[in-house]
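Chemist: In order, the protein sequences belong to chains A and B. In this text, residue positions in the first sequence follow our numbering: the first is 39, and each later residue adds one. In this text, residue positions in the second sequence follow our numbering: the first is -3, and each later residue adds one.
Heads up, a few of these hints could be off.
Partner residues aside, some chain B positions facing chain A, computed with beta carbon under 10 Å [unchecked claim]: (1) GLU169; (2) GLY172; (3) ASP177; (4) SER237; (5) ILE240; (6) VAL245; (7) ASP342.
Don't read these hints as lab results, they were simulated from the structure. A virtual CB, placed ideally from N, CA and C, is assigned to each residue, including glycine.
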Amino acid sequence: MGEFLHIDALGPTGPYRSRNRRPLTSLSGAPIGEISQVPSLYVRRTVAAMRAAPVVPGAQRLDALDRAAELFATASLGGLGWDEYTELVSTASGVPNAVVRQSADWIADVLRSQRHTVELAMPRGAVGDWRDARTRDGSAVWTRRGEVFAVHAAGNTPAVHGLWPEALALGYKVLVRPSAREPYTAFRLVEALRQAGFPPATLTLLPTDHDVADVIIAEADYTIVYGGQDVVDKYGAIPTVLTQGPGRSKILVTADVDWREKIDIIVDSISHLGGTACTCASAVLVEGDPEPLARALAERLGRIPSLPADHPDAILTVAPTASVVEVDQYLHKVAGDARPLLGGDTIVDELPSGGAVLRPAVHLVDSSRAPQLGVELPFPCVWVGPWQPADGIAPLRDSLVLTAMTIRAELIDALLDEPSITNLYLGDNPTTWLRPGIPHDGYLGEVLMRTKGMIRTAAGSSAA
Amino acid sequence: MSSPVLDLPRVGDPAVDPDEYVAALIHWHFTASTGSPFWLRRARSLDFDPIADVRTFADLRLFPNVVDEFRDVPVEDLIPRGLAGEDRVIAGVYESGGTTGAPKRFVMFDRWMEFALGWDEIHYADLGPANVLAVAPSGPHMFGEFAARRARRHDGVRFTVDLDPRWIRRLIERDGPGAADLYAEHIIDQAAHILATQAVGILITTPPLLERMARRDDLVELIRKNVRFICWSGAHMDADSREIFQAEVFPGIPLKGLYGSTTILGMSRERAQEADSGLAVFDPPSPYIAFRVVDPTTGDDVAFGDRGQVVMNHLTKYALIPNNLERDHALAVEPPPGWFGCSVADVGPVATFDDHAVIEGVY
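Working from the sequences, and respecting the hints, build out all of it.
Modeler: Here's what the structure looks like:
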């Protein structure tokens, strides 16, 4: 990382370096580069240019996405090869190198699978192109509700960039506002997609400050925004904003299942991707005494070594020491009367190489209604508590993913009917299970697309 | 009696001696026969003797910032008793924005207003006759009256639209940043109609409204075709936006800013020559208006080239408004030789970043 990095805007007519820039820093706080901060005027002009640009035809989009997958995973982009890119992300943002690689591989998989995903998301009564022969007898055509889709990305893991390529596949023009902490993945992905065939005016990268970020929301037709509860509170009521807030993913183990056989899956759900994903379990509810399971989790999670983020075996996230201390203080505050079994003294483990590891934490709560069960923190931090059938599904609400280790069909029916549980996994599947084509928080197409009825006579129309 | 050194300058007048000016100014405002009721009353609660202790521009720092008191004081009390005849003609009473609490009121005298308006006359010298479109607040704000007078100087008329910035702020407070959109677009619609049907040579507006005009291709076209001068004021224009306006949106049309405030009853003008960094530099009409840029924690002046918070002073026989700490931050720039304080560049609000400590959640 010898060279001074410049993350500039990738605008509709080319790269743009603004005068207003903020520093990019490594975990130790050392400056390693600068990121442009474009003004609102630039945002508005960019969105106008994007609206004016022709839509890339469907087949070309899917071919370009395939090519982009290869470029993203193999090419030198912005002067960085794959290894240099993953190393930069882990040393600059503290995400373990293995997590970066896994997440970035996931992005390539997502790009490759769009052909399939779009088919899966489309209503069965619809065709993707009006030229399809089925419109001659009358059918639905799947059409876009808007033109420009914006992304306010986060920097906790490159995997956040696994959702928006679906919008590109659907024919939206996409504007990405990268994370200021980790803009490298967004930059690489936009570069790859452009080299693969998306014209600059159909896909842009606009780093901005906080105020200008709101202008993006106002100008775009739809925006997906990653953030904490504050972001959900701020934007949740705006119909054109899709918030990706705390996942509060959970695991339920009922008495008909022996948790001892599932401990690997539970540990994996908590620590996968260093606990940085919204699909990572932050609460485990157990029918019966939760303490033995909590102790087993503490023992297993406590064994994970503290390593620099660029170490090949690193699992845990590294962050600037001051911010880890802040997280630790917050953990103490919210833990309240919960019994700490791991990490109760401190989760801060300073590294000689700079920054500190966020060590895992396991706490035991005494009720399925304990408020701590809803606290999600950006590292392997789990709250374990008791559950009984009389508690019902209320303690399981508001979960991005719920893994239910149970064979009770009635309970499964009730969980599937609960609107605030987004994904429901059963049995031996960790909350972090993901596969291209399976919705993460619904398909984007559910929001971005609609059906229109169409009937046509054949005369003069092109062949299907 | 007024010392001649306090009279507004005529073309060809030699520069005033700074210390002589300050001494005459303080004598005027703190002498019972010439000072305003406000300052004569306020002098009793000062812990220094203005006439004895304030002899230089630096000494003016002894004064407290009194602008908050202008929220309640009857405007008659702000009129210096020594003003008479042409000097005593009032152009209007204008209010500061009222973003933080109740607005403050200031008396604008006609002679001073003509002088303040003429401060950036150099930019308009070759423009000839022109109509003015002011898409800017009128009402209690001085902005609208300046536009009207600008039109008169060009033998033209002023077209205008109604704009109430306080109402926009209320909407934003209540419903978030998107709430002002409808109102702002309504303003632009009205401006568009004027631009489409009337001969507008000078466009006066605020940067946010200019930005909204720039979004509409038809308006950009009309402005490029007809408008020969764009004047902005009332808000900030960052260096990046200025460059985009000049290079891409309105190439070839002079785009000049005025940076000021109702609290100093005037503005600083954009220097003809940019700083080496390409930033626009703003020169106030010293000694009548003078800026300082201070370290917000210590209150000390920052060195030229450093950033700090802007302090404005209005120092005329028409009003004394010293040490008004603005919310804006700016670079301190070396002023022309012999001027009070400093000039400023890269004026803007304090930057906000989204790296505040939000801990819950993974993002």
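Chemist: Can we keep the ILE240(B) interface hint, with Cβ of chain A closer than 10 Å?
Modeler: holds, 5 Å
Chemist: Holds or violated: ASP177(B) as interface residue toward chain A, Cβ cutoff 10 Å?
Modeler: holds, 7 Å
Chemist: Given GLU169(B) as an interface hint, is the shortest Cβ-Cβ distance to chain A below 10 Å?
Modeler: Since chain A brings no Cβ nearer than about 14 Å to GLU169(B), farther than 10 Å, the hint is violated.
Chemist: Would the stated hint for GLY172(B) survive a check requiring a Cβ distance to chain A of less than 10 Å?
Modeler: holds, 8 Å
Chemist: Does SER237(B) meet its interface restraint, that is, does its C-beta lie within less than 10 Å of any C-beta in chain A?
Modeler: holds, 4 Å
Chemist: Quick one, is the ASP342(B) hint okay against chain A at 10 Å, beta carbons?
Modeler: Nearest chain A Cβ about 9 Å off; hint holds.
Chemist: Grab the minimum C-beta distance from VAL245(B) to chain A and call the hint holds if it beats 10 Å, violated otherwise.
Modeler: holds, 8 Å
Checked against the numbered hints above, the structure violates only hint 1.
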